[in-house]
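Visitor: Chains as they are written, first to last, in the numbering used here: chain H, 947 to 1603; chain B, 947 to 1603.
If you're looking for bench data, these hints aren't it; they were derived computationally from the structure.
Check each hint, because a few of them may be wrong.
Same chains, same label: a pair holds when it works inside one copy or across any pair of copies.
Below, a list of computed lysine-lysine pairs in the DSSO-like style, where the Cα atoms sit at most 30 Å apart [as the list claims (entries may be wrong)]: (1) Lys1143 x Lys1472; (2) Lys1453 x Lys1139; (3) Lys1052 x Lys1216; (4) Lys1451 x Lys1143.
These numbers come from a predicted model, not from an experiment.
Number of protein chains: 2
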Amino acid sequence: MPGVFQDFALATVFVSDAQYNRNIHFDSSPQAVRLYLLYNHWAFKVLLYFFIMVNLSLAIFEEPAVFLLPLWATMLVELLCLIVFTARLVHYAKVIPPVKFWKDPKNICIIAVLTLTLVDMIIYGSLEAAKIYCVRWSRVLRPLLLVNVTEGRQLRRAFRSIRNALPQIFYVFLLFMFSLLVFSLMALKLLGKRNLKNIEGYPYFTDYLEIVFQLYVLVTTANSPDVMMPAYNAGSLFTIFFILYILINTYIFMSVFLAVVYNSYKKYLKEEIRQLVRAKRYKMARAFDVLQEQKEGCSQPVLTQASWNHIVRQVRPDITDAHRDLLWSVCDDKNQGVIGKVAFVQLADLLNIEVITLKSRPHPLQNLFPTIYLSAPSRLICRLVQHRGFVIAFDLIILVNAVFIGLDEENPLISNSEWGFLALYMLEILLKLYVFEPRSFFSRHIMVTFTNSRVLEIQDLAQNMFRIIINTLIRIGPAILTFGQLIVVVYYVFAIVGMELFKNKVKFFDNSTHPEHAYCGNPLLKGHSFAQLGYCKNNFNNVVSSFILLVELTVVNQCDGFASVTHVSARIFFVLFHIVVVIVIINIFVAFVLEAFFVEYSVDKSQLQTSLEKKIEELELAVAQYVTLTTEPSQDQDIQVRSSRQESRSQQGGQTV
Amino acid sequence: MPGVFQDFALATVFVSDAQYNRNIHFDSSPQAVRLYLLYNHWAFKVLLYFFIMVNLSLAIFEEPAVFLLPLWATMLVELLCLIVFTARLVHYAKVIPPVKFWKDPKNICIIAVLTLTLVDMIIYGSLEAAKIYCVRWSRVLRPLLLVNVTEGRQLRRAFRSIRNALPQIFYVFLLFMFSLLVFSLMALKLLGKRNLKNIEGYPYFTDYLEIVFQLYVLVTTANSPDVMMPAYNAGSLFTIFFILYILINTYIFMSVFLAVVYNSYKKYLKEEIRQLVRAKRYKMARAFDVLQEQKEGCSQPVLTQASWNHIVRQVRPDITDAHRDLLWSVCDDKNQGVIGKVAFVQLADLLNIEVITLKSRPHPLQNLFPTIYLSAPSRLICRLVQHRGFVIAFDLIILVNAVFIGLDEENPLISNSEWGFLALYMLEILLKLYVFEPRSFFSRHIMVTFTNSRVLEIQDLAQNMFRIIINTLIRIGPAILTFGQLIVVVYYVFAIVGMELFKNKVKFFDNSTHPEHAYCGNPLLKGHSFAQLGYCKNNFNNVVSSFILLVELTVVNQCDGFASVTHVSARIFFVLFHIVVVIVIINIFVAFVLEAFFVEYSVDKSQLQTSLEKKIEELELAVAQYVTLTTEPSQDQDIQVRSSRQESRSQQGGQTV
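If we strip away everything but chain H, and leave its shape as in the complex, we get (with noise of 0.2 Å):
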């Protein structure tokens, strides 16, 4: 039957899509669902993540390069990889509907940046080869594919989630420049006439842009005290006027920014969420409709059992059938044998539930060396690691670990001791895989014992308050790989443009006799406060040390280096950086972070009662066997932690979501 298969297959996709929440409205016909089975095979992912690793690596290679590489190299390197980006969506093209391709600005983006790269590779190689001075202005579009790839689902939803922050955090910001140019003009007014000097013996707030500039940096906090200091020098009273601008700007808005940017994400995440929601029954329904059967004695079509047994089988071959009988007595919850569309279109968030059996599950190394593991001496092992004394020894160990700490670091036995400790350290983490099992290990037995036994005895509620921060920490580690894409986007596009302002203007030498070595190799630079901090390295040579500078300036803003060996508006591209990467995406991130540290907080308060958990209870299924539900992250639910746990709420609720 060549046409059920094909039903099984597509069915088996679109549960598939639902489960890891892909959203791409593919071709129904055969070959399009065999093409976009292929388009998802993790090698061609693989693959187009490597290229585009190597396409942003090129910077690296290119003038000004870390390792210099001839440009026919390069040129030839970025040719290929543009073939394989056009390859990929060539094949794109090919698995969904052509309408629906030309009305996906992605897909547009892709096309555009594509182009444009091929446009300035032939401009600049034909004015290169003519001796004439060009701009690789194209390199700055490079991460916009790592954004518009059908796989960045996270990275363009970290990108909307700004821009629909943007409206909000605009007006804060128009606000707060209010302010601030208020406050500069009260400053000149102030202190504008008092021929005050600063440190560096130029006239100190005499001009009203610097005192805005030197105000708006007080607010990272990068030039205090320095910038009060002369004021202060020649009138206590004249801090008032420092203080109160600290407690209004430097708090208050930027507490107020983070308000923002913290309420307009979980508005946005609920909307996210809902529609999440809506495409995935919408492709549990679609799954339902190919595979339906209409039964004797019920009104409505229904999927048989053996059907159903068919596509998880197809979906999650890892899970075993005790657990799939489990998934189908929920599903299947009146015991009728086949269950409706309603109780089909669960089946994705369930599979996303994951049950650990936790006492019955073997150690891995039990089901790969059975013999090895169940030998005598290793169980002797198991029971020693076991044993309380285990614990108590490390604690010792780590006793003697701070005291060792503390003593004479000359001391070359003392000193080499730490390798000792950390290797024993190293020691208890393997004796511990090795005995318990690895998910049960880390989903919460050692993390508590860990720091339990290693700072103090702690009662229940510090254990709590462990459990929790810790599993905040673990929660955000995966969405920290979203805010890295995230932040390399932001940094290759400042990092590109740096270099081609600054490029050269600063430079460092390894060997600190040469006579450029005091002023950076620049002039401009002598006695310089950039040159006498040994910041010659902070420079953007290259796109290495571009892209530590700009981690430096995300920490704290110092550019007045850069400002004095161009010109004074170099200082825009800094404040521009800031309020990019310090303002949006660090008071994302720190919104992110409260988000999860508040989720886990509830969650552990009100107990996650998932239907299964229920359905475990009611049929009294091997209540020691299952012990702990977890919810597996999904490649999707790294920035919206909620997700799953709302989702499956929702699909118990109905229609509460």
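Starting from the known structure of chain H, fit chain B onto it as the hints suggest.
Guide: Same frame as chain H, now just chain B:
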């Protein structure tokens, strides 16, 4: 009828206590009530706070002093303060039953502070007379009076909120310290053996405790990027260590601190509100018990409209008859002429809801000088100011001003024109205040037009956003007073301790030609960056400069100078200050701003519907007249922004809170 008069007096006190959330269990005997009324008199409160201020300001005149006064003078003033505080305490002891008095920890605390201060004064005075060196340690206790006087309710609440957050903060801090220690160990192993030198030529990252301190400071971003530069200069790969550290400790852990503080702040807020509501109900119920009558046909005791009117007139003599009738009709929902206990209990909240009669209320000047205000020239001014042209004219003035700001500052005509512009803006505000009723003017009118006309033409959304932000800023206004007190208490303690530890270690010379000017009068600072950057005035030589220095330390933690002139362990003082002020207090402040913003945002969305508004709609009672309903912030409601709203909701919904 003296009995009835006393009853009314007692009931009035109960209602007024409930309205202002006073929670004093005074004796209900007539003379105790009279004493209690006296105790609550504003003059006594002002006097008390005046003497608290005097007592705190003594630090200005005591060694190390801003203006040195002889010892007998300050001692005498302090003795006077102690007498006033004792008198106030004795008064309080007469008001409440003795058992309650001795059970209250705040009374015990005040007695202890007063006794200890007296003891210290005697010891110090006699030792000083014998020329023996001695420390006035009881000065640290002074701010405790601010916390423990009956009126310091908000401040105590803020401290309780901090105390409640402490256990959770402590656990996060343990994890943070664990991470810090591990990173420090890694840094020592990674960088300690490489013979690197920092910018001052000292060995870099060779001492474990030094590394721990430097990495702790990196969390405050104060020493970024300096702490990283020697490693970065030695090899770019070392930056990975620092970037990882900044990500985990500066960004994630600091966000988790905020999350913990915010979370416990919110949880605590709910509990406080619940208690406040309970206390309020209890007070109102007692007032009802005093006034209740047994009417025919009513199974329950009731209150007549006459008694009710009497009470309301006593408690709020300022409200109009129409307003009082409106309140009565809300209470007496079924028009029975009498009300029961439940209806009476909500009075305290009803009185806190302010009804502004927008259109009908005449300008206060019209009441004071009707003939002048209603004269032809005055009417012309009103018409002119209300005209659209007035707004446009001032928009144009702003534009001209913006152009002038950008012009050459040296030109005296242009630089002096600023004063003209400022005068014009003041004129505009004065004119508007003359024309518009001040309360309606401030409540919403001016704030929107102010920013609206001044910055951009903004659509509805933006106006909305602006209103939310400005309301947030206005809403946190009174709370800043409480936080101000909180900060003063903490700063005062640190300033007193800091002065004992560091006084005269660093000296500032007004005359920059003084030979010791270059190294702040301390040879240990020769060539030190502290002196080079001109920080000499950042010292602990008197209480004012201590406070200013503590503000600077709040923003950026710079303390190397003080460790250099005393001992490396002086850093403990600064790290402690950072933990207390930045990690705890500033985070509570940020949490407060966040919560104020979210409340303002959600209230704006859900539309506050009080029973009063409903009643106004029901009765169609001069809808044009009663337009705005705002909740007047009662003296206790600055920390818990939701209280009055939640309370009125709880009163509506019975036992919902």
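Visitor: Compare the structure with each hint and give your call.
Guide: To see whether the hints hold, each was checked on the structure:
Taking the closest pair of Cα atoms, Lys1143 and Lys1472 come within 30 Å of each other both inside a single copy (20 Å) and across two copies (22 Å). Within a single copy, Lys1453 and Lys1139 get their C-alpha atoms only as close as 38 Å, which misses the 30 Å cut-off; across copies the closest is 27 Å, which meets it. In the homo-oligomer, the alpha carbons of Lys1052 and Lys1216 lie at most 30 Å apart inside one protomer (23 Å), although the nearest pairing across protomers, at 47 Å, exceeds that limit. Taking the shortest Cα distances, Lys1451 and Lys1143 sit within 30 Å of each other both inside one copy (28 Å) and across copies (26 Å).
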